[in-house]
Structures are given as structure tokens and as C-alpha cells.
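Number of protein chains: 2
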Amino acid sequence: MINFNYSIPTKIFFGKDQVKVLPEQIKNYGSKVLIAYGGGSIKKMGLYDKVIELLKSNNISYWELPGIEPNPRVTSVRKGAELCKEHNIDLVLAVGGGSSIDCAKVIAAAANYEGDAWDLVLDPRKITKVTPVASILTLSATGSEMDAGAVITNLETNEKLGTGHPDMAPKFSILDPTYTFTVPKNQTAAGTADIMSHIFEVYFNLTEGAYLQNRMAEAMLKTCINYGRKAMDEPENYEARANLMWTSSLAINGLLTYGKATSWSVHPMEHELSAYYDITHGVGLAILTPAWMEYVLSDKTVDKFVEYGVNVWNIDSSKDKYEIAKEAINKTREFFKSLDIPMTLREVGIGEEKLEEMAKQAVRRGTLGNFRPLEAEDVLKIFKAAF
Amino acid sequence: MINFNYSIPTKIFFGKDQVKVLPEQIKNYGSKVLIAYGGGSIKKMGLYDKVIELLKSNNISYWELPGIEPNPRVTSVRKGAELCKEHNIDLVLAVGGGSSIDCAKVIAAAANYEGDAWDLVLDPRKITKVTPVASILTLSATGSEMDAGAVITNLETNEKLGTGHPDMAPKFSILDPTYTFTVPKNQTAAGTADIMSHIFEVYFNLTEGAYLQNRMAEAMLKTCINYGRKAMDEPENYEARANLMWTSSLAINGLLTYGKATSWSVHPMEHELSAYYDITHGVGLAILTPAWMEYVLSDKTVDKFVEYGVNVWNIDSSKDKYEIAKEAINKTREFFKSLDIPMTLREVGIGEEKLEEMAKQAVRRGTLGNFRPLEAEDVLKIFKAAF
Numbered sequence: 000m001i002n003f004n005y006s007i008p009t010k011i012f013f014g015k016d017q018v019k020v021l022p023e024q025i026k027n028y029g030s031k032v033l034i035a036y037g038g039g040s041i042k043k044m045g046l047y048d049k050v051i052e053l054l055k056s057n058n059i060s061y062w063e064l065p066g067i068e069p070n071p072r073v074t075s076v077r078k079g080a081e082l083c084k085e086h087n088i089d090l091v092l093a094v095g096g097g098s099s100i101d102c103a104k105v106i107a108a109a110a111n112y113e114g115d116a117w118d119l120v121l122d123p124r125k126i127t128k129v130t131p132v133a134s135i136l137t138l139s140a141t142g143s144e145m146d147a148g149a150v151i152t153n154l155e156t157n158e159k160l161g162t163g164h165p166d167m168a169p170k171f172s173i174l175d176p177t178y179t180f181t182v183p184k185n186q187t188a189a190g191t192a193d194i195m196s197h198i199f200e201v202y203f204n205l206t207e208g209a210y211l212q213n214r215m216a217e218a219m220l221k222t223c224i225n226y227g228r229k230a231m232d233e234p235e236n237y238e239a240r241a242n243l244m245w246t247s248s249l250a251i252n253g254l255l256t257y258g259k260a261t262s263w264s265v266h267p268m269e270h271e272l273s274a275y276y277d278i279t280h281g282v283g284l285a286i287l288t289p290a291w292m293e294y295v296l297s298d299k300t301v302d303k304f305v306e307y308g309v310n311v312w313n314i315d316s317s318k319d320k321y322e323i324a325k326e327a328i329n330k331t332r333e334f335f336k337s338l339d340i341p342m343t344l345r346e347v348g349i350g351e352e353k354l355e356e357m358a359k360q361a362v363r364r365g366t367l368g369n370f371r372p373l374e375a376e377d378v379l380k381i382f383k384a385a386f
Numbered sequence: 000m001i002n003f004n005y006s007i008p009t010k011i012f013f014g015k016d017q018v019k020v021l022p023e024q025i026k027n028y029g030s031k032v033l034i035a036y037g038g039g040s041i042k043k044m045g046l047y048d049k050v051i052e053l054l055k056s057n058n059i060s061y062w063e064l065p066g067i068e069p070n071p072r073v074t075s076v077r078k079g080a081e082l083c084k085e086h087n088i089d090l091v092l093a094v095g096g097g098s099s100i101d102c103a104k105v106i107a108a109a110a111n112y113e114g115d116a117w118d119l120v121l122d123p124r125k126i127t128k129v130t131p132v133a134s135i136l137t138l139s140a141t142g143s144e145m146d147a148g149a150v151i152t153n154l155e156t157n158e159k160l161g162t163g164h165p166d167m168a169p170k171f172s173i174l175d176p177t178y179t180f181t182v183p184k185n186q187t188a189a190g191t192a193d194i195m196s197h198i199f200e201v202y203f204n205l206t207e208g209a210y211l212q213n214r215m216a217e218a219m220l221k222t223c224i225n226y227g228r229k230a231m232d233e234p235e236n237y238e239a240r241a242n243l244m245w246t247s248s249l250a251i252n253g254l255l256t257y258g259k260a261t262s263w264s265v266h267p268m269e270h271e272l273s274a275y276y277d278i279t280h281g282v283g284l285a286i287l288t289p290a291w292m293e294y295v296l297s298d299k300t301v302d303k304f305v306e307y308g309v310n311v312w313n314i315d316s317s318k319d320k321y322e323i324a325k326e327a328i329n330k331t332r333e334f335f336k337s338l339d340i341p342m343t344l345r346e347v348g349i350g351e352e353k354l355e356e357m358a359k360q361a362v363r364r365g366t367l368g369n370f371r372p373l374e375a376e377d378v379l380k381i382f383k384a385a386f
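Taken in sequence, the protein lines are chains S and L. Going by numbering that gives the first Met the number 0, the first sequence opens with residue 0, and the numbers climb by one from there. Going by numbering that gives the first Met the number 0, the second sequence opens with residue 0, and the numbers climb by one from there.
Only chain S is shown next, with the shape it has when bound in the complex (with noise of 0.2 Å):
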């Protein structure tokens, strides 16, 4: 286990009817509020109405920027802190899922910078200062609700990269199962596989000593692997909703890299996918993931799928190493089939011709991951098997 300085700062209100608690924890930092979200499902399902009646009776001003997509663009980012600029706004507050969580954090942190926003992306060192974030959850995945990163995409230059600054994390978010009740199948399906590959990320990794950390890995994949699909048949069982938003949130909040040297793989690796295709972030990650596994299973690597396979998905630990191993990982493949996620590249719309320009993005500020580091050559091996 290596040195680490914990701080999970984001104060959580979980469950039914939290919302409530939305004006007092509001003036916590002031009365002016930007309110981030992205298309019409806050409005379908009455959050939007219940967040403005919330502001309005509590005396609180706010402007709204919509329309945040779901790979967030710099260009709603540079929108957002405009507002924020013009109207001296003391929170911006995300209703939605991770784009528009994302997008929030950035507005607040550009709503404190001189330059153009991109340039707080490129550079996280050139954020300063951040106005207070919050948020309010609508989709199980991202884990933006709890961390201090965001994800933001520039068309203009196909570029999708990840940023991130301590006082970005949010003060507090509001998780209402509930409100994920409307998130249709194949969204839910996706959630859980970024859930999961967050994890993942961490979970394959050769830190020594980490036991803990590596145990607790486990019981959130488990808790994936036991709602994902339950959460798909039926949309509004509690329990599965709630299980899988708090493990979404609890998934990359630092609680499993603490005490590990991680450098993540699959993350980068699919950006590109989204950069230049706009697929859905969590599709491509259930599809690279398997691919992934493959390519990185060695001598070096196998007992920690042995690990995986035996404590995760109860394979008979008497058998050969490589025989669990692979299992383990065809499990893992079937697990993201039965989500009814399509499961090769082609399928999504990704042209074979872009895998090479795609593969030499996904290395260019550097070599993929620590576990088994990945180069330019890698990653076109793991796409191709995946195509």
C-alpha cells in the first residue's frame, strides 16, 4: 500500500425526497445560481419544475444554461461561464448526469479564468480558482457527483480529454434513486458498464499490499453485476436504483485508488471512440473492456484476473491459473452481452479506417496505464480485436 492524503470533501444526501434539502445547503455559499442541465428528461420527469419551485420560494435568483450534451461540449462550457461572469453567479448547479456535472465543474472553474476554457482543459495547473458546484443526479455512472474530475469534448479539434481540480468536486449532491426510475434500458446498461470500468481501472493494477482496497473493488462489482441487469427489467425497483447510484459514486471517489499507484487504460482508450463517433462513453467502454483484458492477460497479470475470477465472479479456485483467468474474462463478456450492450466496435458505427488516427489520439500524452502500459501499437491491437 503507497502514502496517500485522503480528502472526499462532498457531503451526500441520499435517497427518497432529498431535494428538500436544496435551499438551505444553496445558501451555504450565496443566493445566485446557474442551473446547468441538459435535455428534456428533468423536465418529463418534474425535476425541473420541483428545483425552480424549491428556488423561487426560498428567494433564490437563478439563470439557466440547457442543452449540455452528453459528451459535453467546450463550447456549452464557454456559455456557461459567461453567464456566471455577467451575473457574479455564487453556485453552479449540474441536474443531470455526468455531462452535465462535468460541464458545471468546468463553467465554474473557466467562470474564474481570464483565457479561453479549452485552455482548462488542456491544463488542469491553470485552474485557480472554482466557483462552488453542485449537484443533483439523474443517471448512475459517471461518478462525477463525488470526484473532482471532469470530461470535456472540442469537436473542432476531435479531441475528448479529462481535467480536474480539488475544489471542482462538488459541495454537495443530491441522490435520489427515484429519479433514475425514467433512465430508459440501454442507458442503464451503459451506466453500469462505466461504473464498472471505473473499477476496473483500478482493480487491475500490480500495487502490492492493497488488500482492502482490492476487497472492496469486489463488493462493488459484485453489487454492478447484481442490479444491472435488474435495474433494466424493472425501472423502478428502489433498491437496485439505489444500490447502483451509491456505487457509482463510491466507485471513483478515491476510496479504491487511496493506496494505490493507478494509471487508467480503458478510459483513454475509449475517449477517442466518443471524440470522433459521439457513441456513448459507457458502450464503448463494455466493448474495449474484454478486448482489453485479453490483450493485457501474461504471466505478470494472470493471478490478478485469477483474483477477479475466483472472489468476483466464484470460479472454482482449483483450477488452472490461465483456465480462470479466461473465464473470468468471458464472463465478463457475457455479463455486458446480457445488458444487451452491442459488443463490437462495427456495430456502433466506428469505421475501420479511423482505428490507426484513433489509436496514435489515445497515446499522445503519453503511454496508456501502468498495469500492462499500452503504446500506440497497443491500442490498435485491442481495437482491431474489438472491431
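Honestly, I wouldn't trust all of these hints.
One copy or two, either will do: identical chains are not told apart, so a pair holds if it fits within one copy or between any two.
Here are the simulated DSSO-like pairs of lysine-lysine, each with C-alpha atoms no more than 30 Å apart in a straight line [said to hold, decoys possible]:
(1) Lys43 / Lys128
(2) Lys383 / Lys320
(3) Lys78 / Lys383
(4) Lys170 / Lys43
(5) Lys128 / Lys10
(6) Lys19 / Lys125
It is worth saying that the hints were derived from the structure and are not from the lab.
Based on these hints, arrange chain L on the given structure of chain S.
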């Protein structure tokens, strides 16, 4: 899963040599510190000298409260509160185990209270303001380094009671596993039993749908089982000490409780043993736990024991329910025995003549627990079974 409000604000600096952050962290709160500690162990291992050197070289003034008892007494709290008032202390720094930290917390509350410190133990609602608290941990056990509670003993009234306030949670805690290298075998064993008991108190619970919390609890139990004996046999095994230390914090910081309606059983029973006989808290817990488990096993609770037996002890799930449950309880008892803990009340010097009085005292604040609520007569039966 029930609604919850999550807030775990304590910062943790975990790992070797993290004590170096002490001065800069203290300076966030002021420059006058009260150091609260127990016996000579922090002096023997050189930690005391290191702390003093860091304070002196950074112009931080300090006063000292040495001699805090293993079951910290209200008399120490009173002394500490006096020192705080007299010297306008900015931060109370506990250096030690849970006893020093618990004592520091109530000192920090009593420093801002006009009346007698014991009032704040009897009625936590009287705590209104708390001087910042921090800790340097030297024993993995109580989790006090990351929670908002404290247990104080009053030998005049034979009472050992818990109190708490959100502001009593340490602002930061330094967790360096090497500080536990010198913890003797019997205290390592007792600490491990204490950690496991904290997990049991919330794991054995009938709240439905807290699947994630249950799997995380099992992750932590497995960690204790994996490293408890190892830390005794190889006191300088960093991996073992680190895993136990981090588990001690996470077991009781709220992570396992949020989402459940919990009410503890074994701790309040044990508090009577310690209040009357000043025995080691963790030893009392280990003795009572299997007796308690056997007593509360019923048709209503057996499924929980099956979950425990199968997931934690890898007992064959195809066996009969009660067979699994009893095997799991036996494995628990055998595990504590393997830590060389004396497993009867008699062996630790407790007299049969006080059992009834202690049982009555245990329930004076009301029925214990909600897994199987316990009245005085139930507690007495458990005491007798453990005698």
C-alpha cells in the same frame, strides 16, 4: 436502503513519514496546541520527540496533557479543558490510540462549555462549540481518528458512556502504520477484535436492500481475518499493519452505516465490563461476540448468518441454514482464540456476582440493538453464556 446524509470531512494523511505534514496542517487552525497522550509508548518509539521538534521548529506553542488512561476518564477531560481555557488553545492534538483521541474530542467540547465536562457525556445535545481536534494514530482499533464519537468513563459512578458531535470529528488524522509496529501482541489482537466488532454491529442488521454496504463490510472483515494474526507474528509487517489501520478507520467512519438503520448491541454490553472492571475493551468484545451471536440466532436472523458464513468464511452454501450459521459463529470464536484472546469473562477477572448489576446498567438508556433487541434479562443470559 434508507435515506442518509453523508459527510466524512476528516482528512487522512496515510503512510510512512506523513507526520511531516503536521505543522502546515496545524497552521490552518492556529498556533496554540494541546497535546493529549497516554503513557510512555509514544516516547519510547521516538514519536513524541519528533512531534515536539516539528512544533518547535515551526513556532507552534504547545501544552501537554499526558497520562490519559486506556479507558479515558472524565477527570482527564476536565484537566484538558482547563488547559484549553487557560491558554486559548486553537487545536487539541491527540497522539495515541482511541483513548487519547476520545479524550481529546471531549476536551475540545468541554473547552467551550461552562459547566462540568460530564454533562457533555450524559447529554451530547449540550455540545454546541468544539475546538478543532486532530490526531496522530498509534493503535488500530477504535476508528476514533475518523469519526465524531467518543467514549468516556466515570469511575465515581461506574459509567462508561458514548457521546458525539459532528464537529468532534478530527479535522485531520495522521495514520502511519509504522507507529503500530511496537504495539504488543495482545493489544494488536484486542484492536483487531474491536475493528471486527464495529463491523459486526452494523453488518448484523435487518435493513433491506443495503447490498453494497454488506459486501463492503465483508471486505473489511476479510481484511481483519487476513491480517490480524499476521500483525501479531510479524509486528513490523507494513502491509498487515497498513491494512488493519485503514480498516479501523473505514469500519466506523459511516461508510458501512449510511443507508442502514443501525443500533449497536455488543459495545454497550462491553462498556459495562470495562466500566466495572477496567478490562481491555477489545477483549471484552471478543468474549461477548460469539455468545451474543448464538443468543440472537433465530429464524428471523439466520439468513444474515448464512450470508456471513458463505461470504466471509467460504462455508459451502448448499449446507443447511442453521448448520452454516453455527459453523460461522464457531469460526468467529476460533478466530478470536487464534489471536490468543482469553474467551471467557472469568479468565479476565470478572466476578459472577456483578453480572446482574452490569446487565441492568447496560440497558439503562433503553433496549440494546435492533437486530434482536435486548433487555436486561437477555444481556444477563449473554453474560452468563460468556462467563
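For each hint, the structure was consulted:
| no. | hint | in the structure |
| --- | --- | --- |
| 1 | Lys43 / Lys128 | neither (35 Å within a copy, 45 Å between copies) |
| 2 | Lys383 / Lys320 | within (26 Å within a copy, 49 Å between copies) |
| 3 | Lys78 / Lys383 | neither (38 Å within a copy, 71 Å between copies) |
| 4 | Lys170 / Lys43 | within (27 Å within a copy, 42 Å between copies) |
| 5 | Lys128 / Lys10 | both (20 Å within a copy, 21 Å between copies) |
| 6 | Lys19 / Lys125 | between (36 Å within a copy, 28 Å between copies) |
Comparing the model with each earlier hint shows violations of hints 1 and 3; every other hint is respected.
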